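S.K.: Residue numbers (the numbering used here), protein chains in the order written: chain A, -18 to 554; chain B, 549 to 618.
To be clear, the hints were calculated from the coordinates, so they are not data collected in a lab.
Take these hints with a grain of salt, some might be off.
Derived pair list, reagent style DSS-like, types lysine-lysine, alpha-carbon separation capped at 30 Å [said to hold, decoys possible]:
(1) A/18 to B/614
(2) B/614 to A/534
(3) A/32 to B/613
(4) B/613 to A/19
(5) B/613 to A/534
(6) A/375 to A/32
(7) B/617 to A/507
(8) A/18 to B/612
(9) A/109 to A/534
Predicted model only: the values in this text are computed from it and were never measured.
The residues making up each chain are set out below.
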Amino acid sequence: MFFEAVTMVENFTLSVVDYAIMAIYFVFVLGIGWALKKYMKSSSQFLEGGKNIPSWITGLAFISANLGALEVFGMGASGAKYGLMTAHFYLIGAIPAMIFLALFMMPFYYGSKARSVPEYLKLRFDEKTRGFNAFSFAIMTIFASGISMFALARLMEVMLHWNFHYSIIASAIIVLVYTYLGGLKSAIYNEVLQFFLIVIGFLPLVIIGLQDVGGWDGLTMKLNEVAVQKGYAAGTWTSTWKYLGSASANPMGVDWIAMFMGLGFVLAFGYWCTNFLVVQRAMAANSMSGARRTPLIGALPKMFLPILVIVPGMIAMALMSSPDKGLMLIGNNGQTDYNMIIPTMLVHYYPTGLLGLGITALMASFMSGMAGNVTAFNTVFTYDIYQSYINPGKPDSHYLKVGQFATIFGVAVSIGAAYIAANFNNIMDFLQLIFAFVNAPLFATFMLGMFWKRTTGNAAFWGLLSGTTAAALHYSLTIAEGKGGWIAHLVEYPSGMAQGFWTAMYAWTVCFVITIILTFLTKQLKTIDELRGLVYSLTPKTHDEPGIVWYEKPLVLAVIMGTISIVLTIIFW
Amino acid sequence: MDIRIPIGLLFVVLGLILAAFGVATLQDAELYARSLGRNVNLWTGLLMLIFGAFMLLVPYLARKKKAAKD
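Work out the full structure: start from the sequences and follow the hints.
M.R.: So, in C-alpha cells, the structure goes:
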C-alpha cells in the first residue's frame, strides 16, 4: 500500500541535523502537554478544553485536526490523478458548509450547553438517536486515528529505517502522553503548532517543484499534454468547473450535479456541520461569537491548503510525464502508487536539513490527525457512552479519571486499527465509505431537527437508520472501479468518487423523506420548553457580544470568506 | 499559557539550526543539486527565524501595551 515505492525512487540519507529537528519538535510537543497538566482539574477542563480558548487558536485547530493521513496522502494522490478539480474539496466542498455552521448551527451547539454532538441529539430527539450516533462516531474516530498511526509508523519505517512495530508504539506513546497530560487543550495547542510546521515544511516543496516545471505556465503546459494523452481536453487538469458538463469529460468521472449536490451539499455539510471531531474545536472557544468565528477563521487557510497538498500532486504528474526529470512512483505491484507523492517529492527535492523539517511536517500532520480523533473519542466515550449507559450520577472527579482512561483506551484500540490498516489494502476507501454512510444521512437529521420543531425523536432515529441502510444498499447495487456491487451491478459509475457522491445523495434523500413521513405518523414527546435553544424558531436570535469590532463579527467574516471562495472559483473555473 | 511563546521558540530554534547549517554548507553544490542549486536550508531557516521572532514579539508587545494602559 503506502511507501512501497520510496526506496525504489532514489537514495537518501538523514543526518544528525535531520534527527535533531525531529527530536526538538517532539520535545516541544510533549512540553506543551506537560505545561498544561496542572490545569486538568475537572472533566470539563480535560474533555472540553475549559471553553476559554481564543478563536484564532480554535480556528487553526479546526483545520489542523483534519490534516491527517487521509488528507495529506489522499489529496496529494487526487491532485495527480484529477488535477485542480480536487480543489473542490476545499472550496464548494468546505466553505459554504463552514459558513452555514458558523451562522446557523454553532448557536445551537454552543448555546444549548451540549458537551458533544451526540449529546445535542439526545437533548433535541431522544436517547436512542444519541446512542446510534455516539457508537458509530466512536468507531469512526478509532479507525481514522489508527490509519494516521499506521501511516506515521510506515513513514518512520521507510524513512528512518525504524522497526514498524516499534514505530507504532513510539507514535502511540507520544500522542498518548500529550493528550493524557493536557487533554483537549493540549491537542488543540499542538494542532496549531503542527499547522504552522506543516505550512513551513511543505511550502519549499511547492516553490522548488514549480520552478522545476517552469512555473505555473510550465505546469499548465505539461498537464495539458497529460490530459490530451489520456483522452481529455487540454486544460482538464488545471480547471475546476469547466469540464464538469458530463462525467466522461473529466478524470474524476463526476458531473456538476454530483459535484454540487453530492460533495457541495450532502458530504460537505454532513462532515463540517455534524462531525464532532471538528465541531469540538469550535465548542472549546471562549465565547459564543468566538465559537461562531472558529470555522470562519479556519476557512481562510482551508481555501489555500490546495497549494500545499494538491499542487505537489499536480507537479508530480507533470514530472512523471517528463522522463528526464527522474521521478517515478512505482509500487511493488508495478502500478503507479499515487499515495506516495508527498514523501517521494520530499526525498526528490529536499537536501539534508530541510528533509528533516519536511519529514517532521509529515509526522506533525499524522499526529494532529491521531490526537484530534483520540480527543473526540474520549469525550464521546465519557459523556455519551459511559456517563449515559454504564455509570451515571458519579462526581465529576470520577468522569475526569474515566476521560483519562478513555484516552489510554482510545490510543490502545487505535493501535489495533493501525494493524488492521496494515493488513487491508483498501482501508482508506473503507473508512471514506463509512463516512459517507454515517455523515450523509446525519445532516438530514440535523437539518430537520434544528429547523423544524415538529420533527420527532422516533422519526429521527428511524430516518437515520433508513438513510444509512440506503447508503449500504446503493453501494451494494452499484459498481465503480471494481468496488461495491456486493448484491448486483445495476449501475456502473465511471469512478469511485462518483459512486461515493451518489451514495451520499441517496442516503441523505432517504433519511430526509423517511424522517418527514414518520414525523407526521409519530407523537412529539418533547415540550416547547424542552426544545427552546435547540430549534431555530424557538431560540432568541444570537447577538454579538457588546464591544466586538466589526471585523470580528461572524456575519462580516462570513461575507469575506464567501467572497474569497467565489473569486478563487472564478479564477480557476 | 500563551501558545504563541512555544510556537515562536520552536521556530526560532529550528530556524537557527537550519540557517546555521545553510551557512556551513554554502559552498556545497552537491548537497543543493536536488533543490535546483538553491540553498533552501538558509532561506527556510531565515524565514522560520523571522516568523518565530514575530510570534514571540506579539505577546510581549501586547503585555507592554497593557502595562502602559494600567
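S.K.: Now tell me, hint by hint, if it's right for this structure.
M.R.: Against the structure, the hints come out as follows:
A distance of roughly 28 Å separates the Cα atoms of residue 18 of chain A and residue 614 of chain B; the hinted pair therefore holds under the 30 Å criterion. Using a Cα cut-off of 30 Å, the hinted pair residue 614 of chain B and residue 534 of chain A holds, with the two alpha carbons roughly 24 Å apart. Restraint check for residue 32 of chain A and residue 613 of chain B: satisfied, since their Cα atoms lie roughly 26 Å apart, inside the 30 Å limit. A hinted pair counts as satisfied when its Cα atoms are at most 30 Å apart, and residue 613 of chain B with residue 19 of chain A qualifies at roughly 28 Å.
Taking the CA atoms of residue 613 of chain B and residue 534 of chain A, the gap is near 24 Å; set against the 30 Å cutoff, the hint holds. The hinted pair formed by residue 375 of chain A and residue 32 of chain A meets the criterion: a straight-line CA distance of about 22 Å does not exceed 30 Å. Between residue 617 of chain B and residue 507 of chain A the CA atoms are separated by roughly 52 Å; this puts the pair beyond 30 Å, and the hint is violated. For the hint linking residue 18 of chain A to residue 612 of chain B, the alpha-carbon distance of about 28 Å falls within 30 Å, and the restraint holds.
For the given pair, residue 109 of chain A sits about 37 Å from residue 534 of chain A by alpha-carbon distance, which is inconsistent with the 30 Å threshold.
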